[in-house]
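Trainee: Residues per chain, in single letters:
There are 2 protein chains.
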Amino acid sequence: MALWAVNMHVDAVFYEAFAEEERALRAHLPPDISARFTWKTIQESGDPVPPAPVISIRTQSTLPTPWAAHLRAILSRSTGYDHLVDYRNRVTADLQLGYLPLYCNRAVAEHAMLLWMGLLRRLPRQLRQFGSFQRDGLTGAECRGRTLLVVGVGHIGHEIVDIGRGLGMRVLGVDPVRRWDDVTYVSFDEAAPVADVVVAAMNLTPASRGFFNSLRLLQLRAGAVFVNVARGELAEAEALLAALQRGALAGVGLDVYDQEPELAVALRSGSSTPSAAVDAVLALAQRDDVLCTPHNAFNTCESVERKSAQSIEQLEHLRRTGRFLWPVP
Amino acid sequence: MALWAVNMHVDAVFYEAFAEEERALRAHLPPDISARFTWKTIQESGDPVPPAPVISIRTQSTLPTPWAAHLRAILSRSTGYDHLVDYRNRVTADLQLGYLPLYCNRAVAEHAMLLWMGLLRRLPRQLRQFGSFQRDGLTGAECRGRTLLVVGVGHIGHEIVDIGRGLGMRVLGVDPVRRWDDVTYVSFDEAAPVADVVVAAMNLTPASRGFFNSLRLLQLRAGAVFVNVARGELAEAEALLAALQRGALAGVGLDVYDQEPELAVALRSGSSTPSAAVDAVLALAQRDDVLCTPHNAFNTCESVERKSAQSIEQLEHLRRTGRFLWPVP
Numbered sequence: 001m002a003l004w005a006v007n008m009h010v011d012a013v014f015y016e017a018f019a020e021e022e023r024a025l026r027a028h029l030p031p032d033i034s035a036r037f038t039w040k041t042i043q044e045s046g047d048p049v050p051p052a053p054v055i056s057i058r059t060q061s062t063l064p065t066p067w068a069a070h071l072r073a074i075l076s077r078s079t080g081y082d083h084l085v086d087y088r089n090r091v092t093a094d095l096q097l098g099y100l101p102l103y104c105n106r107a108v109a110e111h112a113m114l115l116w117m118g119l120l121r122r123l124p125r126q127l128r129q130f131g132s133f134q135r136d137g138l139t140g141a142e143c144r145g146r147t148l149l150v151v152g153v154g155h156i157g158h159e160i161v162d163i164g165r166g167l168g169m170r171v172l173g174v175d176p177v178r179r180w181d182d183v184t185y186v187s188f189d190e191a192a193p194v195a196d197v198v199v200a201a202m203n204l205t206p207a208s209r210g211f212f213n214s215l216r217l218l219q220l221r222a223g224a225v226f227v228n229v230a231r232g233e234l235a236e237a238e239a240l241l242a243a244l245q246r247g248a249l250a251g252v253g254l255d256v257y258d259q260e261p262e263l264a265v266a267l268r269s270g271s272s273t274p275s276a277a278v279d280a281v282l283a284l285a286q287r288d289d290v291l292c293t294p295h296n297a298f299n300t301c302e303s304v305e306r307k308s309a310q311s312i313e314q315l316e317h318l319r320r321t322g323r324f325l326w327p328v329p
Numbered sequence: 001m002a003l004w005a006v007n008m009h010v011d012a013v014f015y016e017a018f019a020e021e022e023r024a025l026r027a028h029l030p031p032d033i034s035a036r037f038t039w040k041t042i043q044e045s046g047d048p049v050p051p052a053p054v055i056s057i058r059t060q061s062t063l064p065t066p067w068a069a070h071l072r073a074i075l076s077r078s079t080g081y082d083h084l085v086d087y088r089n090r091v092t093a094d095l096q097l098g099y100l101p102l103y104c105n106r107a108v109a110e111h112a113m114l115l116w117m118g119l120l121r122r123l124p125r126q127l128r129q130f131g132s133f134q135r136d137g138l139t140g141a142e143c144r145g146r147t148l149l150v151v152g153v154g155h156i157g158h159e160i161v162d163i164g165r166g167l168g169m170r171v172l173g174v175d176p177v178r179r180w181d182d183v184t185y186v187s188f189d190e191a192a193p194v195a196d197v198v199v200a201a202m203n204l205t206p207a208s209r210g211f212f213n214s215l216r217l218l219q220l221r222a223g224a225v226f227v228n229v230a231r232g233e234l235a236e237a238e239a240l241l242a243a244l245q246r247g248a249l250a251g252v253g254l255d256v257y258d259q260e261p262e263l264a265v266a267l268r269s270g271s272s273t274p275s276a277a278v279d280a281v282l283a284l285a286q287r288d289d290v291l292c293t294p295h296n297a298f299n300t301c302e303s304v305e306r307k308s309a310q311s312i313e314q315l316e317h318l319r320r321t322g323r324f325l326w327p328v329p
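Protein chains in written order, with the numbering used here: chain S, 1 to 329; chain X, 1 to 329.
In isolation and in its complexed conformation, chain S is listed as follows (with noise of 0.2 Å):
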């Protein structure tokens, strides 16, 4: 790999890789692929120009446009891929760019519903209140019966669906594309009023950008709960929590974020920042109405394996045909 490799010292460098990531990609690397790994984003890491000919990114990192005239290709380690698009549309550089589709589908279902489950049942509060065994205050819902309302059905969404029908809900997608033939499509309009449970789980696109905005947010049923496992960008943070300051919303989960780069670095540095989004978002975490990851959800043993072998899948077909097996399209 070293026509890649002139003038630097590795062939790849990835990004805003977590140990296990580290250890499972190291696990594929062929021994003829020279690469170096670290936990930091292009930001933490201070690099000012490229280390590597092809670079790895999960979401956070944002892409220095001056770096596209040094770069042969850039892989994100992540199934959406609009942060590349964005680039793509920045730079004039020809790149290739490629991502990761279908490694998470189910680790991500099943974390929304683990965010949905524990906030039906308030599952914050019952972890403080066993500090005194007391049970006011802990009632919560049973979801059988109560109704899904799955936002965006592609192939995470359409695994919802699956869990929501297995636990006995009654589900409804959302979709502009109605691809399965075994999901009862609704607009939104019609199901914000019925909807017990409401899960965003549509590709980060300008159209969606921002959906779930304060007005739609008011069409919800009171006392349903929101998750968001797809991106931050879709749901402000700021009507999130005056969705809930005013009772409108029981409760909020969330794995992603609106403006995660800057929220990601202010938890890590504990300092302040001036963004009103990323203040939202602190204020949110402080709730016992909310539970927050930190965009956690396709982080499961199955998942890991996956996409590292997947990584490595895409580092191979680009070298040996100069394109990525998955390019962003």
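Simulated from the structure, these hints should not be mistaken for laboratory data. There could be a bad hint or two in this list.
[Claimed, not checked] Chain X regions said to be covered by chain S (calculated; three or more residues, Cβ under 8 Å):
| id | segment |
| --- | --- |
| 1 | 156-169 |
| 2 | 177-190 |
| 3 | 207-220 |
| 4 | 260-268 |
| 5 | 290-296 |
[As the list claims (entries may be wrong)] Non-contacting residues of chain S with respect to chain X, defined by C-beta distances greater than 10 Å in every case (computed):
| id | residue |
| --- | --- |
| 6 | P48 |
| 7 | P53 |
| 8 | R72 |
| 9 | D94 |
| 10 | P101 |
| 11 | H111 |
| 12 | R121 |
| 13 | G137 |
| 14 | D181 |
| 15 | T205 |
| 16 | P206 |
| 17 | A242 |
| 18 | Q245 |
| 19 | S275 |
| 20 | N299 |
| 21 | S303 |
Note that CB positions come from ideal geometry on N, CA and C, so glycine has one too.
Once you have looked at the hints, place chain X on chain S.
Mentor: Using the frame of chain S, we list chain X on its own:
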């Protein structure tokens, strides 16, 4: 109802009633039955003698032997009635004893699932690590395709079987009475080495007390998670702690506790206790591979409503016929 309340100020006293339950009970109470409510156990209340001819408890009050001579009836607002059987064996008075079958099967089953999902996905760590937005050590396991072992397949266990199947798990049941046609029954010895999730859902009887002792926990697969939503005395807290410490279990989810009355008093009073079992529970609750909830699995709005309606139905039946509608067998 004055007949009952000779020289007493009220007809019935409800111990261990939390806020939502008291509201629901009052809503069902007919005007001609006078009742008093407290969240305290009999011991916490300090009542030296029975304050009414009929008392209602849950499972944390210890029934004083001398009270039997002054009581007409005891209603336990619980599905389990082992504590009433114990009391009947200790006293000579002819008491009416009642309990509440069937009011919370689904609520308890859904709670068991929430606990095992939270353990499979390392939820306590995820919630903590949101604070640093770090994912090291957070890789969990998907439940689809894994094996669920339900030990005790009564009404609650049967709902747990249904949920496991709905989530795409392989489900096995252990019960000396094979009452359901749709359950795959096995022996504990066969199933223990292959189960990923083990749920205790049996009645507490002299035969089942301490069933999950050190030897049986040793039979389980390394990496299995264990959940108890039935009775604390089925599994010794010290044995569970030891199994986690040596890595034999990957997680423990508890809603019920060995020596729960002593535990509840110790937690509420903040006082230390000489009990090794209580100390072991407190040590378990500190771990991030453990989820502890305060005997709250039953606690959904659906169950509280059914429970309160059935409690008052029991009292009215007792007044009308001299016997409970659902007497302790």
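Trainee: Determine for every hint whether it applies to the structure shown.
Mentor: We went through each hint and held it up to the structure:
no. : hint    : in the structure
1   : 156-169 : holds (count 6)
2   : 177-190 : violated (count 0)
3   : 207-220 : violated (count 0)
4   : 260-268 : holds (count 4)
5   : 290-296 : holds (count 6)
6   : P48     : 24 Å, holds
7   : P53     : 27 Å, holds
8   : R72     : 28 Å, holds
9   : D94     : 33 Å, holds
10  : P101    : 18 Å, holds
11  : H111    : 6 Å, violated
12  : R121    : 6 Å, violated
13  : G137    : 7 Å, violated
14  : D181    : 20 Å, holds
15  : T205    : 25 Å, holds
16  : P206    : 27 Å, holds
17  : A242    : 21 Å, holds
18  : Q245    : 20 Å, holds
19  : S275    : 15 Å, holds
20  : N299    : 5 Å, violated
21  : S303    : 8 Å, violated
In summary, the numbered hints that this structure violates are 2, 3, 11, 12, 13, 20, 21.
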